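K.L.:
Below, each chain spelled out in residue letters.
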Amino acid sequence: MFDFVSFIPRAVMQGIPLLLGSTGETLTEKSGNLNLGIPGTMYVGAISGVIGGFLYESSLPSPEAMNPFLAILIPTLSCLLGAFLMGLLYCFLTVTLRANQNVTGLALTTFGVGFGNFFGGSLIKLAGSDMPYLALSATSNCFRRHLSLGDTTGWFGKVFLSYGWLAYAAVIIALVAGYVLRRTRVGLHLRAVGENPATADSAGINVGRYKYVATCVGSMVAGLGGLYYVMDYASGIWSNNAFGDRGWLSIALVIFTIWRPNVGVIASVLFGGLYILHMYIPSGMNLAIKEIYKMLPYVVTIIVLIITSMRNKRESQPPASLGTPYFREER
Amino acid sequence: MQKKAPAVELRHITKRFGFKGIVANDDISLDIRRGEILALLGENGSGKTTLMNVLAGIYFPDEGQILIDGREVVISSPKDAFALGIGMIHQHFKLVDVLTAAENIVLGIKGKLDLAGATEKINAICAQYGFEVDPKQKIYDMSVSQKQTVEIVKVLYRGADILILDEPTAVLTPQESDKLFNVLRNMRDDGKAIVIITHKMHEVESLSDRVAVLRGGHYIGDMATAETNAQEMTNMMVGRAVTLNIDRPEPVNPRPRLEVRDLTVRSEEGILKLDGVSFTANSGEILGIAGISGSGQKELLEAIAGLQPMERGQIEYIRDDGARDNLIGKDPRQIHDMGVTMSFVPEDRLGMGLVGNMDLSDNMMLRTFRRGKSVFTDRKTPRRVAENVVEELDVVTPNLSTPVRRLSGGNVQKVLVGREITQAPSVLLTAYAVRGLDINSSYTIYDLINRQKAAGVAVIYVGEDLDVLVELADRILVLCGGRVSGIVDGRKTDKRELGLMMTRIGGGSNE
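Each protein sequence line maps, in turn, to chains B and P. Going letter by letter, the first sequence gives residues 0 to 330 in numbering that gives the first Met the number 0. Going letter by letter, the second sequence gives residues 0 to 510 in numbering that gives the first Met the number 0.
Read the hints as simulated data drawn from the structure, not as lab findings. Don't take every hint at face value.
Stated by the list, open to error - One side of the interface only, derived from the structure: several residues of chain P facing chain B at Cβ under 8 angstroms: (1) I21; (2) D25; (3) K78; (4) K93; (5) E102.
Given the structure is predicted, the values throughout are model-derived calculations rather than measurements. Think of the CB as a built atom: it goes at the ideal place given N, C-alpha and C, for glycine as much as any other residue.
This is chain B alone, in the form it adopts within the complex (with noise of 0.2 angstroms):
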């Protein structure tokens, strides 16, 4: 029998970040910005909550004298300053001198990985570690607190109550992020930003300010995703390159969710089981099938953009005005 129990808590840690990196990418999206910066962002969000949590940690006297509310709230100020100051680049490059979206976002990718190594490998040698990782345990215990009730509720406590607080506030973001888009004044308006600037600017919006501040609230989501990978669901460990490829996950969520942070709920738990379920398949020694299983959650991306393109329904389709530009005086 297949072992649910503790197949989904970790399909849930690792979908939790996904869950993050897709609802800050369909909040930067839902303006138009194609936002490949994203795994960079999330990655410059881990390494600017380590480094956070590495100074508070290292100037206590010792382990006992940390005060959990701080031990939390330093490394996520830290973090959302980060991954906003690489919104904020991203905009100024591509909303203010009108820079190519998909340059841009790649070379902040590439900028966020080497940032982060820099500074991680930085760290790991001001601690004087001889191992190449750095570990901020008691910081991490600290996100990695839950209810006490989790433990005594059997299978119901270890399903939904055993989780860190960033992994409920990922969901709570993502629900209020739906909520907003559908609903209110301002997602109207960011859905029009994102379909057609420039009758959103002829309507009286201000096309560029909402493009920014979508773009850096995005970021700073995304970033609160490489957060939640370091501190939670890593232990609070760092090591170069860890994070692997999620944040290209997270832009495939962003599609397989057809933009909309709610179905990521559901969708990030799926991906994140699709991604360790070669974890939980007897493979015996053939090495080579978990790879294959690896693989399951970008195919499961390419079915449903086939399946949304074939459909050919206007809701499903991306914003259309996504990775262009937009100047009043163009004609």
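Place chain P on chain B using the hints.
P.N.:
Frame of chain B; chain P shown alone:
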């Protein structure tokens, strides 16, 4: 007629584009009055749309003042324009396709999103002026005239009392235009100030109270519509006397050039688009194609040009020596390789005809890049062709390396027609060659087509303006729902007969 108070006074407006590029508006002063419909006239690229965009806050003027009700204002964004009660209905609709009518209408308004309340208000506006709008319908499900109605309701919803309409009838059927004009007259009687930009003289004469003319970015003058006529207005627009007659020389030595038999085409969805169409096009003759839009005109031309797969039928090209070549199943390149020079001016200029992001000479090269012997393309000839086209057709462009999409609609059309004609074709296919063109450019195009005819080209001219078809074409084929309703002599028929044939096969009233 008493003089009405000006709602808007434009004073010495100047607007330039680019660093040293075009001056679109040069020192223009113009009054717009309440309770009056003002027709703004001018050739393509004379600055009408630019001037109105300045008023609507899309462009910011480089010099000049704007006074609303005698008070000087600064309109630096569309929002400012709304606040002043100015609403513009653009030539290209400013609507978001995936949103509903109601969502589009409330777009940009502050406050809580209350679609139920908005729906009520929309219905009230529709009832007042006689519009039909379903607030819940998505824009992509709408016809062009429905979209336009949404645009008008949108500006009224915002309380606009100064309305600007940029070529509102370009995409409407005559019946839809009449409906729109009634609504506009209602609004005028309601005390609103209305500006309409149009190229159609009969619309100007039947609708407007006053006419203002721009030429080359300059203000030429204004006058009461009742005191002028089409000839005088055209002369003012063009700046010299022009004749408003279309020549129709007798065909010289007409011989069958293209024979189409039993042509049947189905669309990808399996809908019958052409059903057993047969006709012969002669050299040195203009064959007009009339029909309600969507009756199969597009499919017919594309089938001849080798772009449209057909279910059955024959298309034969007849050479001067009487040899016949079948064009069925050949793509445009194969047709070209057979030595059949066919020129095609498609309906969708920037989609099928030209590449918007490429400049004039590169677009000319699209026709010739396969010629030449080395791996390098010949860039000099296309450049010369482009120079010729610009000179002969008076294309308004800063230079030859301007991307075509930056040109105004009429100039784009001139570039396309010019390119196709320089191929020295033996068959010329044109679809709506003068759509969106001002009157002078239209006559230039008619003249060019006539010159092709005189050179012995078989011209197939799909047109929407029946007045023109009756004056220009030697024979007119009328399509009705994909079938040939009849082929009539252009010299003996009239608009009424064509109109009847367009709606009923054969045009008889007793069927």
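K.L.:
Which earlier hints can't be squared with this structure?
P.N.:
Violated hints (numbers, rising): 1, 2; every other hint is consistent with the structure.
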